[in-house]
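Undergrad: If you read the sequences in order, they're chains A and B.
Take any residue in the first sequence, note its place counting from 1, add 6, and you have its number in the working numbering.
Take any residue in the second sequence, note its place counting from 1, add 1211, and you have its number in the working numbering.
What the hints contain is simulated information worked out from the structure, not anything from laboratory work.
The beta-carbon is built from N, C-alpha and C at its ideal position, and this holds for glycine as well.
Partial chain B-side listing against chain A, Cβ under 7 Å, derived:
id, residue
1, S1273
2, W1292
3, A1409
4, C1554
Chain A stretches covered by chain B per the calculated footprint, using a threshold of three residues with CB under 8 Å from any CB of chain B:
id, region
5, 80-87
6, 280-294
7, 297-304
8, 341-350
Here is how the chains run, residue by residue.
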Amino acid sequence: MALHRNQGCNVLDHRMSRRNFVMGAGAAAGFGPLLTPAMAKQAKGKQKQILQVYLQGGVSQFESWDCKPGTKYGGPFREIQTPVPGMKICELLPYTAQKMHLLSIIRSINLKTNDHGVGRLFMEKGRTVGDYPYVGSVASRYLKNANDPLPGYIHISTRGLTDNTAAFLEAQHAQMKLEGVAPPENLLQRSGIPESVLTKSEQFRLQLNKQFGTGRSKSLIDSYDASFDQANQLMARKHLFESQPEKDLDRYGHHPFGQNCLLARRLLEEGVTCVKVTHHGYDTHAENFNFHIEQLDEFDKTFATLLGDIEERGMLDNVLIMVYSEFGRTPKINNKYGRDHWGASCSVALGGAGIQPGAIIGATNEDGTEVSDREVDGGHLFHTYMQAVGINSINDHDIAGRSVPIGDPAASAIEELLS
Amino acid sequence: MTTFSAIPEETHEIKRFEHEEPLTTCRFSPDGRYVFAGAEDLGVHRWDVKSDAKATLEGHESWVRRMDFSVDGSQLFTAGWDGQIGFWDIDAENAQPHHMLQAHRGFARWVNASPDGKSIATCGNDLRVRTWKLKNYKMTADMGGHDRHPYAVMYHPDGEHLASEDLMGWIHIWDTRRRRIANKIHADIMTGYDNKFAADMGGARDMEFHPAGERLACAGISNVVNSFAGQQDPLAILVDWNTKQIECHLEAKDKATGVMWGVSFHPSGFVACGIAKQNGSGSIEFFKADKESIESARNEQTPVKDEEQPPSETDDKTDSKASETKPIAPTLKSYFSLAVDKCVRGMDFSPDGKQIAIACSDGTLRILEMDKKVGSDSESEEKSKG
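Input sequences plus hints: build the corresponding full structure.
TA: Laid out in structure tokens, this is it:
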């Protein structure tokens, strides 16, 4: 199934409201929360979390994690040393370079697609086709503490793409999309409504809920209730959206990505299982180099600050860090100084949780045109993400008695990257 | 005295040099013997125009996208994205620089020699505009003021001022003695925000002063639609040095999408611009940008309400003028367009004004002559008439 890129960003598509959040819960009719004993055991102990930083459009591997300076397609940028012996990354990432002892790089990804939609699905679901849940939804499903009332998967983006991230999982595990740091619509109760009216309103809701539940499965009603509770709990944390500490913004940057990353940290601190932040602007078919200077300049300091904060707070052992795109960019530089879509040899950076830091997995050839060692794809990455946060991805989802493999059985985790 | 005669409509290719990598820029040496080009590699490439001999100058660790020469014509200065300025003897057999100067933290975008031959000006991604003494390579001025990357900086022929333009279309006029900004001009037509990809795009891709100093030309883009796909219009502006106002906009004869990578004043009076089009082809556009043509274009243009006055350093009361109706700079279309089958990424007139060198995206450096072909029908006809 090829998904088409959302050409015109419809604000309504990705504006989360309390109403549609609650209504969306009904879409998962029939699939109750079925945690296998093995998974329940995995979920015990300190909660694992995920921070996804999605560089939308396809960051260039040459201008980030897999530099080829002085080669035919290397481009104008040089590589710089990181604290990890032998690990060099692009000079456009000087702050991140200083934190690379916390991360590892996979340089041998072959997605076999140059399509935005397919690449994104592969990186998020570990499959190119089929109705499977995203990383964040799976994490929400199996890692989220049942007593934690906050949404399990929050996506912060200044614009974005509308995806069905939960697939067959309960709708409460779908991504809750925030448009930047603006609070979700209808977060607050309207002022001036007497308490007695609110109470009656709640009683009316419960009555409707009861009527609706008659003859329907309990899991469906549970799903509704969980979604409603999540929305309510978010409303109780409106301070997260009201203001961001000026001191922190000075460190993160006052631009939208800086604000979004600061909100991401605060949401992780609040216990949200998976927080995804999208940084737009990497689909550089023209002026690839000037745009990467601009975009990575914004990304670099902010991301390094966020990573540093997570480490300083002692959260890194439990938070999986993912920096990824839907693919990379062509070795060949086109006549507009651009690089086009390229899924045949791209890179990601991972760290935290169960990821061994300071490793370089795989390699590309001298010109970066193909993978030369330890080829992996989105399926391998998905298994690796899952196992890094303690989810046994070779197990199955149990969907009302139907078994669906969590990860693609044809792929496996990158074992040498798991600590 | 050279008459600098040229007939743009008769422009034709007389020589082509080939390089393995796409070229980024080109310049004729002041004596016309060589043409130098930057490329998508670490070298600066020199061709002897007569003998075709090629040499590659090695010393940069990144691409070179701008070059200039010493006033006496003996030295080549190169600005690299490694932040370095290279100093080379233009005809040395040894292809090594005689000096490399770490001029900027980040990328050195531009280098230009002062009219008195004693200094160079540079700008880079550290947001600084700097001047350097050629005698000892010491920095003589370090000037900040651009909030976004300055892409080009040029000495005014009076030697006492510099002009630089950044990504956001801000042109700063610098007083080199006081080392501070004397004026600001906002060429906001040369920048745009790409809503889809949330990024700014704009700034000078080329810049040149009229030899008499009465005008400044800046080339780049306008009307940003989707710059990530190269969807914007090529455009140049002419700035009146006396009034510091944008005098006119220069657009391709036929609607084009792409980037204007070159702009140059021909000694005989016309202006030429080189374009790289989104579809991979290019063109050279020739403009009659004299006062009469501009005035004529202005008269044909309907004044529009200027809703956004550019802020001025000397006048903080711009708000009260916000609704004032004033004419915007007129647009001149080129009177002749020469199609090129590849993107034109740089151009330069030969010292005698008869030729243009163009650097192309396919790695070819082409020498074009702006005159009738020898033996052409029109020339034979002219001769027979004579």
